[in-house]
Amino acid sequence: MTETKQLTCVGCPAGCRITIEMEGGEILSIAGNTCDVGEQYARQEAIMPMRILTSTVKVTDCPYRVLPVTTDREIPLKMIDQAMEIIRTTVVKAPVSFEQVIIENLLDTGANVIASRSLPALH
Amino acid sequence: MRKYSAVVIGGGSAGLAAGITLKENGIDDVLVIEKDDMVGGILNQCIHNGFGLHTFHEQMSGPAYAERFMIRAEEVGLDIKLNSMVTHIHPDRTIEYVNRDEGYVTIQADAVILAVGCYERNRGALAIPGQRPAGVFTAGQAQRYLNIDGYMVGRKVFILGSGDIGLIMARRMMLEGAKVYGVAEIMPYSNGLPRNIKQCLEDFDIPLYLNHTVTNIYGKDRVERIEVSKVDEKMQPIKGTEMYFDVDTLLLSVGLIPENHLGDAAGIEMDPRIKGPSVDENYMCSIDGFFACGNGLHVHDLVDYVTLQAQRAALGAVHYLKNGPAEEKAVKAVPGNGILYTVPARIHPHHIDKTVEFFYRIRKPMDEAVITVKCGDRVLRRQTKKYLVPSVMERMMFAGRQLEDVDGDITFEAEEVIHD
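Those sequence lines, one after another, are chains Y and H. 1 is the number of the first residue of the first sequence in this note's numbering; add one for each residue after it. 1 is the number of the first residue of the second sequence in this note's numbering; add one for each residue after it.
Next comes chain H alone, as it looks inside the complex:
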């Protein structure tokens, strides 16, 4: 059986960054396994601008961001296996994959980095009533058809869900000559980045219907009409508020979920709040030698943070390959009032190499909030932040010495500041 120092599963933005960082830090025997016929993952279809501000200090398109990493991967001699699908991983770090040339192959790794990406919630997950015609797509699926395969998916479009992909696709379909009738969002606020509301909807006069959802789909072969209703506080449709749109296409941008069936089947502990593996400060999972990063760990809004966390996961793997796992009981980072989740979800307070950065999301939009981090009754950090929204991931850095006295779980809380 072929043995590797490290195997990275997935050659998207996270996998490329992780693989490159491993090579740059003296781990020579690295393999990246990618199921598609090219690396870059979802970046290849994200042809819009806005990537790279943190990583490269300029804004670029998704393919351009990917290309920079491909060039670097070539420079460091990263070994990448394309058209290869990992079918199983095991706690002893054996990995099974299949491809056309080699058939069914089992390999062994000292460290495994899961960079497996995420998938889209679809119509079935929402249980939208109505007929079952063609013309209902997830937004990312339509994005792939249009931007990689070069097919227009429809001419008269409505979009359910105001996540970033939905907003980006609203603009994209308008640019290609389609008419976008509107975007419905079941929540009282959008789940997209503020700049995408501006440059994708407002620039093109596309209406955003907050507190609305699609309640029926009509059409025999192809979508002909949809029904949109206002919802009450319990997100239940209100009778008598129905609106009808004669469209041929409905795009769904209703959430992304980390693709974790491989890790789940191997017995890696999942954090139900992020639907990805629970990781420590080195991005190591509950089973030693497994690391996770990218959208397969938790869904990101910025690829720059995917890169950053993948690099940290790779450095975590380098540390593990040289020193083994930390011999210390981890303490939990607990999301308290107002906080949806934190990554990492646990830390080893006495094994932090210089710094640890927590990424977190808040539960609901707040114009101003005080973020408090506590260990028991002791306040470790308190800071005021403005314009917090769940769609924007926040970050907080601690020096290792600031956590030296931590002797139990630490809790993150967000309290809204209301000015009169």
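Next up, chain Y with everything else stripped away, as it sits in the complex:
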């Protein structure tokens, strides 16, 4: 049986509406995307949605209490709760350099959690 899914591409702010037709796990057609990013997104989204995860971790010895962090590549959407449990309990000591690796190979996804900015140490 052919299954039709409507997707909104998150690849850029345009947010193209993509229609994907599938049958038994096979992709029959992809329509509505206006670039390659959209096609890749639709193919991935149909099998296993992937997202960049951003959050903050606690920071000590710093004028600020938290450091913004991001995964350096997408991780499976279904692993985000598990990833947040690790991120919420992580503490890092200042100074922090821009894009410093904070958590290596998060949950064996191959993605590192890196600092979104530099932060100075106290004094």
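It is possible that some hints are incorrect.
[Said to hold, decoys possible] Only pairs whose alpha carbons sit at most 20 Å apart, straight line, appear in this in silico SDA-like list of lysine to any residue:
| no. | chain 1 | residue 1 | chain 2 | residue 2 |
| --- | --- | --- | --- | --- |
| 1 | H | LYS198 | Y | GLU74 |
| 2 | H | LYS329 | H | GLN402 |
| 3 | H | LYS332 | H | TYR387 |
| 4 | Y | LYS5 | H | TYR387 |
| 5 | Y | LYS78 | H | ARG195 |
| 6 | Y | LYS78 | H | LEU175 |
| 7 | Y | LYS78 | H | GLU202 |
| 8 | Y | LYS5 | H | LYS198 |
| 9 | H | LYS179 | Y | PRO13 |
| 10 | H | LYS230 | H | PRO207 |
| 11 | H | LYS386 | Y | THR8 |
| 12 | H | LYS198 | Y | PRO13 |
| 13 | H | LYS329 | H | LYS354 |
| 14 | H | LYS198 | Y | THR8 |
| 15 | H | LYS385 | Y | THR34 |
| 16 | H | LYS386 | Y | THR34 |
| 17 | Y | LYS58 | H | ASP149 |
| 18 | H | LYS179 | Y | ASP81 |
| 19 | H | LYS198 | Y | LYS58 |
| 20 | Y | LYS5 | H | PHE204 |
| 21 | H | LYS386 | Y | ALA31 |
| 22 | H | LYS198 | Y | MET50 |
If you are wondering where the hints come from, they were derived from the structure by calculation, not from laboratory data.
Given chain Y, put chain H in place with the hints provided.
Below, chain H alone, put in the same frame as chain Y:
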């Protein structure tokens, strides 16, 4: 009195880009005045991903986008004064500011760039009835508490307004372990970017209630419950449709307004449609030597366009510092049927350096529309566009020579194409 070639008011995304562009184009004597203890402005609290696709051809977080500009600012030796608040600007381009070290200072600039950002509409502006407990925040205020100050603002959350900050905060609160019960939007469509509806609400199964608003707030010390009602076509609550949510926090994402009290007090003409200064193709305001950019000019959905317009405003200021103002009467760019506004709102058709780009927003969502730009009866441009929504700013570029014959106001119109 200390004199500068150019003073930039505000060190956020617009101010940094403007200051850097001035330095890169041979204006050495530049000062950026920033009220916060760091530059980067609102980008510092926008820790989510999605910035920089146009500027850097990759997606990055807000702080990372800001950091790239901070590094560049350092490279070009941009002079930045932190913890300093501009209190007045005057038509003669004197600027008054205060800070702890210097006290009250007056300086003089040959060109002033307003990069002052915007502020959030709050509960008072909406006149939501009910009690006055703690726990009602604007979404951006909660975002700052959480992402910069490191405080969780609540555990059981409801969000009024589906602007991008509200959507982003819905996801953010869920990630931090709060429960978000829903987002209510008074309009029949969301004011957020389509991708944020997807990745902030749908990914987390957060319901979006279109044509709904908050009609009551209950709680003695802290919010305990809110009432949400459906609204009719006139946006009036319909009796009997009330729903109740037992939440401790209500976030408001109900619109941003350019912060223009400085310019207003100096007599700079405001465009009521954007609530910021009316600017020409060089981003110059109604008073010579004043320029405006960023969310203080009009509220943007993408920081990339903030950067782009700030760079153009800086180039406009460079041109003005070298050549003075254009000796030509400006023609207006008028938003006609279906168009909310255009920036710039006026141009000097014979003083366009190569190209001019218009940014515009449409009034209501249209699956397909024909955009027509006319001068009198003459059509300058006609193009078909798909999936237009008010939350996404559109752009249209003209070469200067395409506007050479323009002898009066030009009008932008959007007409919906209905297919059977």
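*Given the proposed pairing of LYS78 (chain Y) with ARG195 (chain H), does the C-alpha separation stay at or below 20 Å?*
The hint holds at about 18 Å.
*Are LYS329 (chain H) and LYS354 (chain H) close enough, with their CA atoms no more than 20 Å apart?*
holds, 19 Å
*Is the Cα-Cα distance between LYS198 (chain H) and GLU74 (chain Y) 20 Å or less?*
Holds - the C-alpha atoms of GLU74 (chain Y) and LYS198 (chain H) are around 16 Å apart, at most 20 Å.
_Satisfaction of hint between PRO13 (chain Y) and LYS179 (chain H), Cα-Cα up to 20 Å_ = Not satisfied, since the Cα-Cα distance of roughly 27 Å exceeds 20 Å.
*With a cut-off of 20 Å on the C-alpha distance, tell me whether LYS385 (chain H) and THR34 (chain Y) pass.*
holds, 13 Å
*Proposed proximity, ASP81 (chain Y) with LYS179 (chain H) (alpha carbon, max 20 Å)*: holds, 13 Å
*Given the hint that LYS78 (chain Y) pairs with LEU175 (chain H), test it: the Cα-Cα distance must not exceed 20 Å.*
holds, 12 Å
*Does the alpha-carbon distance linking LYS198 (chain H) and LYS58 (chain Y) stay inside the 20 Å limit?*
Given that 20 Å is the threshold and the Cα spacing comes to 29 Å, the pair is violated.
*Sort out whether PHE204 (chain H) lies within 20 Å of LYS5 (chain Y), counting only the CA atoms.*
Cα-Cα ~18 Å, so holds.
*If you draw a straight line from the CA of LYS5 (chain Y) to the CA of TYR387 (chain H), is it 20 Å or shorter?*
Between LYS5 (chain Y) and TYR387 (chain H) the Cα gap is close to 18 Å, so the pair holds against 20 Å.
*Between LYS198 (chain H) and THR8 (chain Y), does the CA-CA distance stay at or below 20 Å?*
holds, 6 Å
*Hint consistency between LYS5 (chain Y) and LYS198 (chain H) [alpha-carbon to alpha-carbon, up to 20 Å]*: Judged against 20 Å, a Cα distance of about 14 Å means the pair holds.
Against the hints set out earlier in the document, violations occur for numbers 3, 9, 19.
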